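Participant: Chain by chain, the residues:
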Amino acid sequence: MKPGAFQKIYCRLTNITKATCTLEAEGVGYEEMAYVQGRAAQVVKIAGNKVTLQIFEGTEGLRNDAEIIFTGKTPMLPLSEHMNGRFFDAFGQPIDGLIAVEGRAYPIGGPSVNPVRRKQPSELIATGIAGIDLNNTLVSGQKIPFFTDPDQPYNQVLALIALRAKVDKIILGGMGLTRDDYLFFKNTFEQGYGESKIIGFINTTDKSPVERLLIPDMALAAAEHFAVEKNEKVLVLLTDMTQYANALSIVANRMDQIPSKDSMPGSLYSDLSKIYEKAVQFPDGGNITILAVTTLSGGDITHAVPDNTGYITEGQLFLRRSPEVNKVIIDPFRSLSRLKQLVIGKVTRKDHPQVMNAAIRLYADAANSKTKLENGFELSDYDRRVLLFAEDYSRNILAIDVKLETNEMLDETWKLFGKYMTEDEAGMKQEFVDLYWNVKQIV
Amino acid sequence: MENNLIISKGKVIAIVGNLVEAVADGPLIQNGICFFLHNGKEIMGEVIKTQGNKAYAQVFETTRGFRTGIEVFFSGHMLEVSLGPGMLTRNYDGLQNDLDKMEGMFLEPGARTFPLDKESVWPFTPLAETGQKVIAGDWLGEVPEYHVQHKIMAPFKLEGEYKLSWIAEKGEHKITDIVARLTNDEGEEIEVNMIQTWPVKLPITVYREKRRPGTLFETGIRVIDTMNPILEGGTGFIPGPFGSGKTVLQHALAKQAAADVVIIAACGERANEVVEIFTEFPHLDDPRTGRKLVERTVIIANTSNMPVAAREASVYTAMTIAEYYRAMGLKTLLLADSTSRWAQALREMSNRMEELPGPDAFPMDLSAIIANYYSRAGFTVQNNGKSGSITFIGTVSPAGGNLLEPVTEATKKVARCFFALSQNRADSKRYPAIDPIESYSKYLEYDEYISFAKQEIDENWIEKIDFVKNFMISGQEINEQINILGDDGVPVEYHETFWKAELIDFAILQQDAFDDIDCNTPPDRQRYMMDKVIKIVQTDFGFDDFNRVRNFFKRVINLFKQMNYSEFNSEKFSAYENELDQIINLKTVEV
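Each protein sequence line maps, in turn, to chains F and U.
Quick note: the first sequence uses my numbering, first residue 1, plus one each step.
Quick note: the second sequence uses my numbering, first residue 1, plus one each step.
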């Protein structure tokens with residue numbers, strides 16, 4: 001990094017910690033970017049002439065007479081159409097071995113959209129997966145995470161959805177990705193689309209964790225550019241947000257902040273919502289949809305990261321293996337898409353909400369019957385039927401590897417109702433029962 | 001920034017997040033508003049601590065790019081709102097900027113807009129006569145604001161008694177026009193226009209007395225109105241883990257409640273939820289007046305991505321606007337979603353100030369702050385004998401769904417109704433997921449409500465509620481026994497009790513917020529259905545086999561659901577009811 005015309009240069013650090021350093025400097029702006037011994041850094045605290053910098057790459061091997069250059073600018077990202085098919089690091093530098101991209105530089109982490117300028121999301125994003133399309137319908141402009149234990153194939157599911165979704169651009173923000181997973185995404189997208197619509201900002205596990213803090217802002221600044229300037233429909237994938245939160249707690253700790261729940265900084269809610277709230281439907285047709293991953297520890301959703309996330313996002317999708325059919329499903333109980341009400345029964349067929357609820361209610365009954373079975377009680381006729389229903393429902397409809405159109409999902413579910421249940425047991429509005437109970441005859 | 005109000009100047013010396021330290025050259029006011037000059041814009045902040053000539057200010061917008069040495073101007077007033085005709089239908093941010101007047105797609109730092117419209121003309125009618133004695137809050141005149149007769153009141157800041165020396169005649173006026181003159185014994189004259197300003201952190205207390213609530217505040221939600229009623233001027237709160245339906249419930253309240261004015265404070269929550277209100281309310285009708293919902297609504301939107309410091313301001317701004325409409329003798333409903341986000345904003349600031357933390361790192365005085373805020377609601381009688389009210393319902397988002405956290409505990413001490421949302425009920429799609437056993441309304445113990453219910457609803461209403469509540473508890477106990485002992489391990493009567501509790505649950509407690517008819521149940525229909533359910537629950541059916549109990553009640557429940565989905569006393573409704581009465585009389589169903 002060569003100093004420019006008006007840049008200030010210093011060469012004395014008074015204090016170095018694992019993630020930050022402090023020096024005496026004048027006229028520095030809050031959140032301004034700097035380079036310390038060539039490493040990217042950002043101003044996080046100014047007290048009189050004492051300036052504290054967060055060093056993204058870590059402070060290992062830093063000399064206290066290092067050269068410190070202030071850029072006079074907050075973090076920027078050069079953006080252009082030539083980014084398609086490319087992969088970058090947390091600073092926007094290419095990591096795919098190709099040359100750097102030229103383009104106009106845009107500030108990252110910019111201001112919020114005025115809520116009255118937003119449009120209500122209303123476009124359904126079809127994925128072919130019943131756990132989403134049938135039970136937790138995804139809508140463009142929505143933000144929704146997968147809550148998943150680390151052993152589930154969450155990155156594969158993310159890639160699968162991205163490839164199936166009808167969007168103009170896919171932006172991948174990888175935080176704490178293993179190199180293997182980065183290459184998996186790269187290969188999968190190359191096979192799926194060639195160079196057409198993927199852009200990746202990747203922090204792999206061999207890089208400093210603090211660098212991750214820039215990834216969501218980079219990915220979303222790019223998304224905002226394409227959605228606002230080009231009216232594109234942009235799908236942003238953020239994996240794994242738990243790794244992002246861990247980096248936040250590292251920095252908070254180094255800055256001597258009092259930790260709140262689970263050693264996370266007290267500002268975790270605001271930090272996460274600044275990212276997720278970038279999901280938006282713009283009036284001119286462009287939109288940003290965020291599909292994220294929050295890894296859990298032992299399925300614990302009361303941990304501060306999934307807990308705060310759940311309050312911010314518009315629902316959550318639980319990924320788990322169904323032991324009865326040995327397939328990965330999206331758990332119908334704990335999963336929820338808050339925006340589904342905007343499309344189900346409106347964009348989709350009218351019976352959609354009732355079918356969805358009735359099937360989940362029966363699935364819940366099956367869980368109770370299973371408990372009875374496990375406790376050694378005799379099963380009633382209803383218990384047996386509802387267990388059979390749940391098994392078919394998991395295998396033929398819910399499993400991630402089943403691909404169906406939404407109407408096919410509805411018809412299949414009606415068939416299962418007819419096969420195992422009486423009309424009273426299904427308990428739906430009579431007008432739909434009259435229309436679809438004998439679905440085989442009408443399709 | 002109005003120059004005549006500046007009491008000192010200063011320079012910034014330190015910045016951490018949105019906490020900025022500055023040295024001032026003159027007097028400072030605790031909670032005084034200050035303005036930082038940055039890139040040619042005035043960025044607003046509030047002094048939250050002073051130490052010698054140093055001021056610590058929370059900045060209401062981003063501090064990105066702030067430098068030491070930038071200039072700051074300290075004003076002589078606290079955060080104030082401007083009150084006047086034309087607030088209904090508006091969408092404000094936490095500092096009462098009119099969001100619709102803001103230019104561009106994004107909220108640029110330093111952008112400010114006036115909350116009222118200075119150009120439009122209002123037909124003014126005087127209500128007071130020259131020579132009349134006037135104190136703060138007295139009604140001087142009125143202008144029609146949609147369905148509301150918007151009172152033009154003597155300034156709330158007025159001290160002591162004045163005489164009305166002049167009042168404008170009936171006619172058209174802008175809000176900036178002088179419509180009245182007041183003089184006191186010392187000969188001081190005050191000119192009154194239609195705009196008042198008021199500091200949001202102080203309550204507006206221009207009423208004669210505050211009374212205990214006594215009349216039902218109708219919400220159309222059965223599990224609230226019937227089982228856990230909230231009263232006009234009462235307080236309640238809705239704690240619940242995410243995904244348990246807090247927002248749907250709040251929106252249902254905003255749509256259906258029997259209020260003249262509804263103030264919604266979207267505090268630190270999702271922007272799309274506010275967008276839903278912006279989008280739907282202009283098209284939806286108020287079920288009671290037939291007017292558009294938007295015409296009785298004011299929205300204060302400080303969504304989670306908007307500046308954290310303004311979150312605290314947003315709940316106070318909303319309360320102050322509610323108090324203003326209450327002083328006109330109106331029934332106002334204030335909804336705040338969510339008070340936990342406000343508490344978190346307090347926590348972030350307390351942390352940056354390096355204060356010693358209380359439980360879960362929240363500030364020590366959290367429960368006092370919450371108690372003080374809830375106490376601003378209530379049923380008041382104005383000086384002219386007219387009554388007004390603020391019914392307040394807040395939501396709480398407990399960390400990890402654990403109700404033993406500081407915000408829930410502090411709120412439970414002050415709110416009179418507790419609508420606990422249960423994860424289990426939400427998981428099994430039993431909405432609204434208000435737990436029938438955990439939830440309570442202290443108003444059921446109020447003599448005022450007991451006599452109201454006797455007179456207006458039913459002679460034995462309170463006894464009926466007790467009966468149903470106790471029955472739900474028996475139902476739950478028996479359900480646990482069946483789970484432990486098995487279907488065969490308990491007497492058949494146990495199954496009958498369990499299924500009767502299920503009937504109460506499905507027919508009364510559960511309600512489909514997305515169905516045009518079921519979403520809103522008027523009181524007479526609630527009473528009718530309650531009586532019908534109680535009659536069945538009190539009937540002894542004498543089944544001999546638990547499978548027959550289930551089949552029977554599944555049919556009964558299904559018929560009740562069809563009735564709930566049908567217009568009250570319509571042909572469809574009666575057909576289902578006849579079918580129901582038949583099988584109840586036969587005490588059996590064919591399978």
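Keep in mind that a hint or two might mislead.
What the hints assert, rightly or not - Straight-line Cα separation of at most 27 Å, DSSO-like style, residue types lysine-lysine; simulated pairs: (1) U/41 to F/50; (2) F/350 to U/9; (3) F/419 to U/9; (4) F/350 to U/561; (5) U/41 to U/9; (6) F/119 to U/101.
Keep in mind the hints are simulated off the structure, nothing from the lab.
Note that the structure is a prediction, hence the values are computed from the model and not measured.
Participant: Indicate, hint by hint, whether the structure satisfies it.
Facilitator: We went through each hint and held it up to the structure:
no. : hint           : result
1   : U/41 to F/50   : holds (26 Å)
2   : F/350 to U/9   : violated (64 Å)
3   : F/419 to U/9   : violated (79 Å)
4   : F/350 to U/561 : holds (18 Å)
5   : U/41 to U/9    : holds (16 Å)
6   : F/119 to U/101 : holds (17 Å)
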